[in-house]
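Protein sequence lines, in the order shown, are assigned to chains A and B.
Remember, my numbering sits 262 above the position in the first sequence when you count from 1.
Remember, my numbering sits 1 above the position in the second sequence when you count from 1.
Simulated from the structure, these hints should not be mistaken for laboratory data.
These numbers come from a predicted model, not from an experiment.
Be aware that one or more of the hints could be misleading.
What the hints assert, rightly or not - From the structure, some residues in chain B lie toward chain A, with a derived Cβ separation under 10 angstroms:
(1) F31
(2) G34
(3) G62
(4) G79
(5) A183
(6) N184
(7) T206
(8) A220
(9) M255
By construction, the Cβ of each residue, glycine as well, lies at the ideal position given by its N, Cα and C atoms.
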Amino acid sequence: MVSRGLKRLYTFLIFLFLYAPIIVLIVFSFNNSKSRGVWAGFTFKWYIELFKDAEILKALYYTLLVAVLSALISTVLGTFAAIGIYNMPGLSKKITLNLNYLPVLNPDIVTAVSLMALFRFFKMEFGLATMLLSHIVFCTPYVILSVLPKLKQMNKHLAEAAMDLGATPFYALRKVIIPEIMPGIITGCLMAFTLSIDDFVISFFNTGNNVSNLSIEIFSMSRRGINPVINALSTLMFVSLIILLLIINKRTEKNEIERGV
Amino acid sequence: MKMKKVAYPYILWMAIFIVIPLFLILYFAFTTGDSQNFATFQFSLDNFKRFFTPTYLKVLGRSVNLAFISTIICLILGYPLAYIISKAEPRKRNMMVLMLVIPMWMNFLLRTYAWLTLLGRNGFINFVITKIGFKPLELIYNDKAVLLGMVYNFLPFMVLPIYTVLIKIEKSLIEAAEDLGANKIEVFSKVVLPLSMPGIITGITMVFIPAVSTFVISALLGGNKYNLIGNLVEQQFRWTGDWHFGSSMSIILMIFILITMALTSKFDKEKEGGGGGLW
C-alpha cells in the first residue's frame with residue numbers, strides 16, 4: 263500500500279510540473295495587471311482587448327492559415343509519396359526513406375537555416391510563401407511516417423485484385439487503397455497541423471515582409487514583456503482544443519457502443 | 002507495380018527542399034565572402050578555424066554539457082513515470098498518455114515563458130520560500146533555469162517512447178522469470194530493463210537533439226548573457242549576417258548529432274523499421 267501511495271504521489275508531482283506553467287498562464291489571463299507575478303484582481307479585460315488587437319489577430323490569422331494549408335498540402339503530398347515509396351524496390355526505397363528522415367532527425371535550426379539559404383539562393387522574397395513552403399517541408403515526412411505503417415498492415419493483394427477485376431490504377435487507388443489507409447492519413451494530417459501551429463524555429467528564419475505568426479510575436483514580445491492578451495488567446499485556443507477532444511472522445515465512445523464493441 | 006510513380010513528385014520535392022539546402026549549407030561552410038552575393042564566394046577553411054578557438058569551443062562544450070545533463074534528468078524522471086503508466090489499467094493508461102500530450106497544445110514559447118512567473122524574484126516559488134522564512138533565491142537567468150526549461154519541454158519525448166516499448170513486453174516473460182526464482186529487482190534489471198532499451202535509446206535521441214540545438218529556451222530563461230551553440234547560429238543568420246560562419250556551426254551541430262546517433266544505435270540492436278516510435 264505504501265508503494266502505491268508513493269507511485270500516486272510521484273505521478274502527481276510530475277504532472278504538476280508539466281501543468282504548472284499552463285495553470286499560471288490561464289490564471290494570469292484573468293489578472294487585472296500587466297506585470298507578471300502580481301495578482302491584482304479578476305478581470306475579463308484581456309479577452310475583450312484581444313478582439314481589438316489588430317497585430318495579434320493578424321498573427322493568429324497567419325498561424326491558422328499556414329497550419330491549415332500546410333497540413334492539407336503535406337497530407338496530399340505525403341500520402342502519395344508513402345504509396346509510391348511502399349511500392350519501390352529495396353535500395354531506392356531505403357535511400358528515399360533515409361532522405362525523408364533528414365528533416366525529422368536534423369535539429370530544427372539546421373533545417374531552418376538550410377531552407378533560408380535555399381530561398382536566398384533562388385532569390386525568393388521572404389514572406390508568406392517561404393513560410394508556407396518551409397512548413398510543408400518539415401510536416402510532410404511525419405505524414406509519410408504515419409501512413410507507411412498502415413500500408414504495411416494492408417493486404418497487398420487488395421489493389422491487385424481490384425485491378426484484375428478491371429479497375430484502373432487510379433480507380434484502385436481511390437476506391438481501395440486510400441480508404442484502407444485513412445486512419446494513417448488522418449493521424450498524419452493532425453500531426454502536421456499540430457506541428458505547424460506550434461512551430462517557432464522554422465517560421466522565425468523563413469518569414470519576412472511583416473508576416474509573423476503567434477510564436478514569432480511571442481518571441482519578440484518576450485524581450486519587453488508579454489502582453490496578457492496573448493495569455494487570453496492561448497487560454498481560448500487551449501480550452502477549445504480540449505473541448506474538441508472531449509467531443510471526439512464522446513463520439514468514438516458512442517460509436518463503439520453502437521457497434522457493440 | 003506502377004504505383005511507385007506516385008512518389009516521383011515527392012522525390013523531386015525532396016531533391017529541391019532537403020538535398021539542395023544541405024549542400025548549400027555545406028557550400029557556405031567552406032567558403033567566405035559577402036553572404037548576400039554568391040559571386041564573391043571563395044573556398045576557405047577560415048570558418049572552422051574560427052570555430053576551433055577557446056571562445057566558441059567553450060560554447061559548444063556548455064551546450065553539449067547542458068543537453069547531456071538534461072537528457073539524464075529526463076531519463077531518471079521519465080522512466081519511472083513510463084513504468085507506472087504502463088502498469089495502470091487501460092483506461093487510466095490512455096488518459097495519462099493523453100495528459101502527456103495535452104501540454105504541447107499550448108504554445109511552447111509561452112509555456113517556457115510562464116516559468117519566469119513561477120521562478121522570478123517576485124514569483125510564486127520565492128513567495129513560498131520567503132513565507133517560510135528564507136531569503137529569496139536567484140532562480141532565473143542561469144544554468145539551472147535553462148536546464149529546467151529543457152527538462153520541462155522534452156520530458157514527454159522521453160516518457161512516450163519508453164512507455165510504447167514497455168506495454169509491448171509480454172507478461173509471460175516476467176512471469177517466467179518469477180517462476181524461475183528471480184526477485185523483483187532481478188526481474189527488472191534482467192528482463193524489463195534490457196527489453197525496454199530501444200525505447201530508452203529513442204528517448205535519449207529525442208531529448209538530446211532538440212536540447213543541444215535549442216536557442217529559444219536559453220534566450221527565454223537564460224537571459225541575454227547566456228549563449229548556447231543554437232544562439233550563435235541564430236545570431237549569425239539573423240543579426241550578424243555571416244552565413245558562412247553560421248553554416249559551419251550548423252555542420253558541426255549535425256556532425257555531433259550523427260555521432261550521438263551512431264553511439265546510440267550501437268546499443269540498439271533491434272531497431273524497428275518505420276520509426277515513429279513517439280506516436
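> Can we keep the F31 of chain B interface hint, with Cβ of chain A closer than 10 angstroms?
Replying inline: 13 angstroms, violated
>> Tell me if the interface restraint on A183 of chain B is satisfied: Cβ within less than 10 angstroms of some Cβ in chain A.
In response: Status violated, d = 19 angstroms.
> Given T206 of chain B was flagged as interface, is its beta-carbon under 10 angstroms from a beta-carbon of chain A?
Replying inline: 8 angstroms, holds
> Minimum Cβ distance from A220 of chain B to chain A below 10 angstroms?
Replying inline: 8 angstroms, holds
>> Would the hint on M255 of chain B be counted as holding, given a Cβ-Cβ threshold of 10 angstroms to chain A?
In response: It holds, given that the least Cβ distance between M255 of chain B and chain A is near 6 angstroms, below 10 angstroms.
> Taking the closest Cβ pair, is G62 of chain B under 10 angstroms from chain A?
Replying inline: 17 angstroms, violated
>> Just to be careful: measuring from the Cβ of N184 of chain B to every Cβ in chain A, is the smallest value less than 10 angstroms?
In response: 15 angstroms, violated
> Would the stated hint for G34 of chain B survive a check requiring a Cβ distance to chain A of less than 10 angstroms?
Replying inline: It is violated, given that the least Cβ distance between G34 of chain B and chain A is near 14 angstroms, above 10 angstroms.
> With 10 angstroms as the cut and Cβ atoms as the points, is G79 of chain B at the interface with chain A?
Replying inline: This hint holds: G79 of chain B lies near chain A, its Cβ roughly 8 angstroms from the closest one there, short of 10 angstroms.
Of the numbered hints given earlier, the model fails hints 1, 2, 3, 5, 6; all others are met.
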